[in-house]
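Enquirer: Given the coordinates of chain R, assemble chain Y onto it according to the supplied hints.
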Amino acid sequence: MKEYFIETYDLNKWYKEVMALNKITVKIDRGIVGLLGPNGAGKSTFLNIATAQLRQSSGEIYVEGSEVWNNPEILKRFGFCPEQEILFEWMTGRKFVRELAQISGLSREAANKAAVEAIKLVGLTEVMDRAIKGYSKGMRQRIKIAQAIVHDPEILFLDEPLQSTDPLVRRELVQLIQKLGRDFGKNILISSHILHEVERITNKILLIYSGRAIAQGSISEIRELMDKIPFTIRIKTPDRKRLATILLDYDFVLNVAPDIENFEYINIRTNNSNAFYKLIQELAVESKVKILEMATLDAGLEAIFDYLTKRK
Amino acid sequence: MEKLYENLTKYEKKFSWKRRFGPIYRLYLSKLISTLFKQGKSWIFNALILLPIIAGPIVAFSVNYMLANEFYSLYSDIMFRGYFGIIIPLFTMYIASTMFNDEKNNRSITYLTSRPIHRFELVIIKYLGYLTVVPLFIIVATLLNYLSFGVLAGLMYFNMALRFMFVAFIATVVYGAVFMLIGLLFKNPLWFGLFFVFIWEFVFASFSPTLRSLTISYYIKSLIVYPINEYGNSESPAVFPGNYADVFVKFGSPAKALTFSVVLLVVIIISIVLSWAILQGDRLRVPYKAGKRPGGWKYYLKEIRSYLITFGIIFLTVGLTLGPVVGMKKAYYSSTITNITILPNWSWYTPGTNTKPSVNDMGWGTMERFTVRKNDSLRFMPRYGYSSNKESFQAALVLCNESTFTKFFESCQNLWFLWAAQQYQAPYDSGLFRQLILNYFNLAQEFLDDSIAKLIFSEVPIETFTSYDDLTTPSISYQASTKTTFYCVLLIIDYIAVPNAEFYGYDFGFVVDGTKTRIGSYVLGFVISAFGVGLIGLAIYSLATYSSKIEIERYEKKVAEFEEKNKNIAN
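In order, the protein sequence lines correspond to chains R and Y.
At position 185 of the first sequence the residue is numbered 185 (the working numbering), and the sequence of numbers has no breaks.
At position 130 of the second sequence the residue is numbered 130 (the working numbering), and the sequence of numbers has no breaks.
Incorrect hints may appear among the rest.
[As the list claims (entries may be wrong)] In silico lysine-lysine, DSS-like type, Cα no more than 25 Å apart, as pairs:
{"id": "1", "chain 1": "Y", "residue 1": "K302", "chain 2": "R", "residue 2": "K120"}
{"id": "2", "chain 1": "R", "residue 1": "K23", "chain 2": "Y", "residue 2": "K565"}
{"id": "3", "chain 1": "Y", "residue 1": "K302", "chain 2": "R", "residue 2": "K76"}
{"id": "4", "chain 1": "R", "residue 1": "K179", "chain 2": "R", "residue 2": "K204"}
{"id": "5", "chain 1": "Y", "residue 1": "K302", "chain 2": "Y", "residue 2": "K104"}
{"id": "6", "chain 1": "R", "residue 1": "K290", "chain 2": "R", "residue 2": "K241"}
{"id": "7", "chain 1": "R", "residue 1": "K133", "chain 2": "R", "residue 2": "K27"}
{"id": "8", "chain 1": "Y", "residue 1": "K454", "chain 2": "R", "residue 2": "K179"}
{"id": "9", "chain 1": "Y", "residue 1": "K104", "chain 2": "R", "residue 2": "K133"}
{"id": "10", "chain 1": "R", "residue 1": "K27", "chain 2": "Y", "residue 2": "K557"}
{"id": "11", "chain 1": "R", "residue 1": "K120", "chain 2": "Y", "residue 2": "K14"}
{"id": "12", "chain 1": "R", "residue 1": "K76", "chain 2": "Y", "residue 2": "K104"}
{"id": "13", "chain 1": "Y", "residue 1": "K454", "chain 2": "Y", "residue 2": "K407"}
{"id": "14", "chain 1": "Y", "residue 1": "K187", "chain 2": "Y", "residue 2": "K104"}
{"id": "15", "chain 1": "R", "residue 1": "K120", "chain 2": "R", "residue 2": "K137"}
{"id": "16", "chain 1": "Y", "residue 1": "K18", "chain 2": "R", "residue 2": "K76"}
{"id": "17", "chain 1": "R", "residue 1": "K113", "chain 2": "Y", "residue 2": "K3"}
{"id": "18", "chain 1": "Y", "residue 1": "K3", "chain 2": "R", "residue 2": "K133"}
{"id": "19", "chain 1": "R", "residue 1": "K120", "chain 2": "Y", "residue 2": "K13"}
{"id": "20", "chain 1": "Y", "residue 1": "K104", "chain 2": "R", "residue 2": "K16"}
{"id": "21", "chain 1": "R", "residue 1": "K23", "chain 2": "Y", "residue 2": "K567"}
{"id": "22", "chain 1": "Y", "residue 1": "K104", "chain 2": "Y", "residue 2": "K41"}
{"id": "23", "chain 1": "R", "residue 1": "K241", "chain 2": "R", "residue 2": "K278"}
{"id": "24", "chain 1": "Y", "residue 1": "K14", "chain 2": "R", "residue 2": "K76"}
{"id": "25", "chain 1": "Y", "residue 1": "K302", "chain 2": "R", "residue 2": "K179"}
{"id": "26", "chain 1": "Y", "residue 1": "K187", "chain 2": "R", "residue 2": "K133"}
{"id": "27", "chain 1": "Y", "residue 1": "K14", "chain 2": "Y", "residue 2": "K3"}
{"id": "28", "chain 1": "Y", "residue 1": "K10", "chain 2": "R", "residue 2": "K113"}
{"id": "29", "chain 1": "Y", "residue 1": "K483", "chain 2": "Y", "residue 2": "K407"}
{"id": "30", "chain 1": "Y", "residue 1": "K565", "chain 2": "R", "residue 2": "K27"}
{"id": "31", "chain 1": "R", "residue 1": "K76", "chain 2": "Y", "residue 2": "K13"}
{"id": "32", "chain 1": "Y", "residue 1": "K407", "chain 2": "R", "residue 2": "K113"}
{"id": "33", "chain 1": "Y", "residue 1": "K557", "chain 2": "R", "residue 2": "K16"}
[To be verified] Calculated Cβ distances over 12 Å to all of chain Y for the following chain R residues:
{"id": "34", "residue": "D10"}
{"id": "35", "residue": "D29"}
{"id": "36", "residue": "P38"}
{"id": "37", "residue": "T51"}
{"id": "38", "residue": "I103"}
{"id": "39", "residue": "D129"}
{"id": "40", "residue": "P167"}
Treat the hints as calculated values from the structure; they're not laboratory data.
The C-beta atom is built at its ideal place from N, Cα and C for all residues, glycine as well.
Bound conformation, chain R alone (with noise of 0.2 Å):
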């Protein structure tokens, strides 16, 4: 039988009367997964059950084929980068590493040396010998992945590890997290809401909304399912008319309408963007359509999220 990064089977968590989780069964492959949502989406409770943290109302979660609730066992092998900010503040961030990284097993030298190393990955260094009541949220989060990734765990769960990091920071971690999942076959849940922030780590993603798992599979597939959602662009032309008779002989362009706001703009509504954006090229040069501006109004991610909870 084939073992499963994370499999649950009717899962589902309720904070007294709100839903959390409803009725989530997936089964995740091993690797590097996005867990992908909106804010509130559940991907933090999803995340907590995962590493024992929660306990579900009712269902059943297994990860590498091990139940996790009450099991220290299967605990040995995860690392855990949490949401909260909150950390042992008295301490220092080389002792707070380096104390974490006994309880998950290692020698109190080697603890020392490995704290001092992982501090030195995550780019610490400089203030590990500072007290974490110090420090800014980037290092906080920071200090988190030293913590989660110091005892070099088999399985890593990192909820939101790049949020409030600068962009330089941000690269080396994403470097860092492509390195693990790659190179040193670890398999890591890592959630996040911002879409082109996971895109740079994996392809294989699950999409959360509303405490229901709506898609799982790689990026390539989401984004062709995006490709198919009507999105609206707006478009400012000096010759509106033309275009708006040229357009509406496609297919694939829905709708034209003024910009009720500023009439300079026109709103298209596609439900191809790959062939809209063609299309738009081929014009410009050859019927010589002047576009001073062009943007998209809603193809982020909740859109798409939208889009695939009406579809279900």
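Expert: Coordinates of chain Y only, in the frame set by chain R:
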């Protein structure tokens, strides 16, 4: 970067509790120390615990002149009521209830619980960390309190300070466990903690003996006044005549040594086990269709294991106390102390009112009532006595039934009532008193004739206590053929009346040798402790038999089910 990470992969990992213990212990120790000394608001509570330091000099300066023992009696009062009643509970509440609470609320506990630790270890190590720092802090504070009091009064009664330090240690240990539990139970434990300290521990405790025995401070205070001798006096250095500790001994009926040691231990164990259960998220409710799960009832037993252990311990302790401890005691012992005082000028009873005099008002003796079951035997004996005029009296122990006693008692009352009314108008030497006494002797003689059993004596063992089991002492023994209520009366039957007051003091003991009671408590104790053993047994059974194998089995079944379902949908 790659090389750096490769280094991390090289370290050898070994999982043992020894390796985990050190870092978690250090972590909590450093946390406690930083909470105690580095947090601003902690100093409010730290100041609280050192409050008696200020009280010492204030007391010393505000009184003009005070005897050393009065001064230290005041110190004992302040410690007994204030320190052990409020300050220690408040301080430990703040420290212990935040131990898990803040970690749970800001969820930083995740960094520990996402690592290979049994949550039971977290509770134990945290409690050990608490035990390392806080009791030491409290002991030092208690010593400082003593020094501030004593420095102006010659540092006397050091053994009292030692006693307080010891009890403060025990109190910290017990309250720590309780408040750790409370901190886990409530999101904001401060309110419940304040209610517990002020309302429960302080106010409720003064309402009734039953409520009092449900508070922790009762057992802590018993610890302060322990030991109590046969005369009902405390030998503790903290007890001075008339101070709070003394009042507690006299009217608070402190718990016995066995009781408080067992109770406090059980409180600690239960708090720890329940903390574990809560931290682990064990569920007490019966899962739906529990019997039909692949793990079956074993799975459910695993879920409630910590509760099984908790209730097992409770039942076992109650059962053992009821059975072997109460039941093994051969008989039920009790003693009553009485002073018989006959005053020629009757001052205890105000004539002119319509209320008749009570037993104590009349001064001829005393009465105790005992209900004895079938086949139980009752022994009734003088244990200790003294008299101001030893040669001139005769007393009797009498065992009688209710009607005999009522008849005698009412006649006496009438006699005294009549006499008091007359004496109010007539002078003492009118011979009325003598007439009263003679009439009383006649009544007493009648009473003796009607009684079930009697023992007349003119001498009692003076100055040494007779043991309950000493069968050589003259005593009344009686075996009941049915369940009966006996009236055991001690009365003066003859003496020479002199103008001075006559005192006769007695301690007389009862021994109820109750086979039935004993068997009853044995059986009940056995049943309850057997239940407790059963619960603990179930917990051990689930520990021994429940394994992840069942879970894997269950998992495979689930997967198969799911695959089957998918196939059907595909078809």
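Enquirer: Against this structure, judge whether each hint is valid.
Expert: Hint-by-hint comparison with the structure:
1. Straight-line distance between C-alpha atoms of K302/Y and K120/R comes to about 43 Å, which puts the hinted pair past the 25 Å bound.
2. Simply put, K23/R and K565/Y have alpha-carbon atoms about 15 Å apart, close enough for the 25 Å limit, and the pair holds.
3. Under the criterion of a C-alpha separation no larger than 25 Å, the hint pairing K302/Y with K76/R is consistent with the structure, at around 21 Å.
4. A C-alpha spacing of about 16 Å is found between K179/R and K204/R, which places the hinted pair at or below 25 Å, so the restraint holds.
5. Between K302/Y and K104/Y, the direct Cα distance comes to roughly 24 Å. Compliance with the 25 Å bound is thereby established for this hinted pair.
6. Distance hint between K290/R and K241/R is fulfilled; the C-alpha atoms sit about 12 Å from each other, no more than 25 Å.
7. Of the pairs offered as hints, the one joining K133/R and K27/R is violated, with about 40 Å between alpha carbons and a cut-off of 25 Å exceeded.
8. Note on K454/Y and K179/R: the hinted pairing is violated, with a Cα-Cα distance of about 101 Å set against a maximum of 25 Å.
9. Between K104/Y and K133/R the CA atoms are separated by roughly 18 Å; this keeps the pair inside 25 Å, and the hint holds.
10. For a cut-off of 25 Å, the pair hint linking K27/R to K557/Y stands: about 16 Å separates their Cα positions.
11. Between K120/R and K14/Y the CA atoms are separated by roughly 24 Å; this keeps the pair inside 25 Å, and the hint holds.
12. For a cut-off of 25 Å, the pair hint linking K76/R to K104/Y stands: about 22 Å separates their Cα positions.
13. At roughly 17 Å between alpha-carbon atoms, K454/Y and K407/Y fall within 25 Å of each other, so this suggested pair holds.
14. Proposed proximity of K187/Y and K104/Y is supported: the alpha carbons are some 9 Å apart, at most 25 Å.
15. Between K120/R and K137/R the alpha-carbon distance is near 18 Å, which keeps this suggested pair within the 25 Å criterion.
16. A hinted pair counts as satisfied when its Cα atoms are at most 25 Å apart, and K18/Y with K76/R qualifies at roughly 15 Å.
17. Of the pairs offered as hints, the one joining K113/R and K3/Y holds, with about 14 Å between alpha carbons and a cut-off of 25 Å not exceeded.
18. In summary, the hint linking K3/Y to K133/R is not supported, as the alpha carbons are separated by about 31 Å, beyond the 25 Å threshold.
19. The hinted pair formed by K120/R and K13/Y meets the criterion: a straight-line CA distance of about 21 Å does not exceed 25 Å.
20. Pair hint K104/Y plus K16/R holds up; C-alpha atoms about 18 Å apart against a cutoff of 25 Å.
21. Distance check on the hinted pair: K23/R and K567/Y sit about 19 Å apart at the alpha-carbon level, within 25 Å; holds.
22. With a C-alpha separation of about 20 Å, the suggested pair K104/Y and K41/Y falls inside the 25 Å cut-off, and the hint holds.
23. With a C-alpha separation of about 20 Å, the suggested pair K241/R and K278/R falls inside the 25 Å cut-off, and the hint holds.
24. Of the pairs offered as hints, the one joining K14/Y and K76/R holds, with about 10 Å between alpha carbons and a cut-off of 25 Å not exceeded.
25. With a CA separation close to 41 Å, the supplied pair K302/Y and K179/R exceeds the 25 Å bound.
26. At most 25 Å may separate the alpha-carbon atoms for a hinted pair to count; K187/Y and K133/R meet this at roughly 24 Å.
27. Straight-line distance between C-alpha atoms of K14/Y and K3/Y comes to about 23 Å, which keeps the hinted pair within the 25 Å bound.
28. The suggested pairing of K10/Y with K113/R holds, with an alpha-carbon distance near 11 Å, which does not exceed 25 Å.
29. With a C-alpha separation of about 22 Å, the suggested pairing of K483/Y with K407/Y holds against the 25 Å cut-off.
30. This hinted pair checks out: K565/Y and K27/R have alpha carbons roughly 14 Å apart, not beyond 25 Å.
31. A distance of roughly 10 Å separates the Cα atoms of K76/R and K13/Y; the hinted pair therefore holds under the 25 Å criterion.
32. Straight-line distance between C-alpha atoms of K407/Y and K113/R comes to about 94 Å, which puts the hinted pair past the 25 Å bound.
33. At roughly 30 Å between alpha-carbon atoms, K557/Y and K16/R are farther apart than 25 Å, so this suggested pair is violated.
34. A beta-carbon of chain Y comes within 12 Å of the beta-carbon of D10/R; the shortest separation is about 9 Å.
35. D29/R, annotated as away from the interface, keeps every beta carbon of chain Y farther than 12 Å; the closest lies near 15 Å.
36. No Cβ of chain Y comes within 12 Å of the Cβ of P38/R; the nearest lies about 22 Å off, and the non-interface call holds.
37. Not every C-beta of chain Y lies more than 12 Å from that of T51/R, the closest at about 5 Å, which undercuts listing it as non-interface.
38. With a minimum CB-CB distance of about 5 Å to chain Y, I103/R fails to clear the 12 Å threshold, and the non-interface call is violated.
39. Chain Y leaves D129/R outside its interface by the beta-carbon criterion, the shortest separation being 15 Å against a cut-off of 12 Å.
40. Distance to chain Y confirms P167/R as a non-interface residue, since its nearest Cβ pair spans about 18 Å, more than 12 Å.
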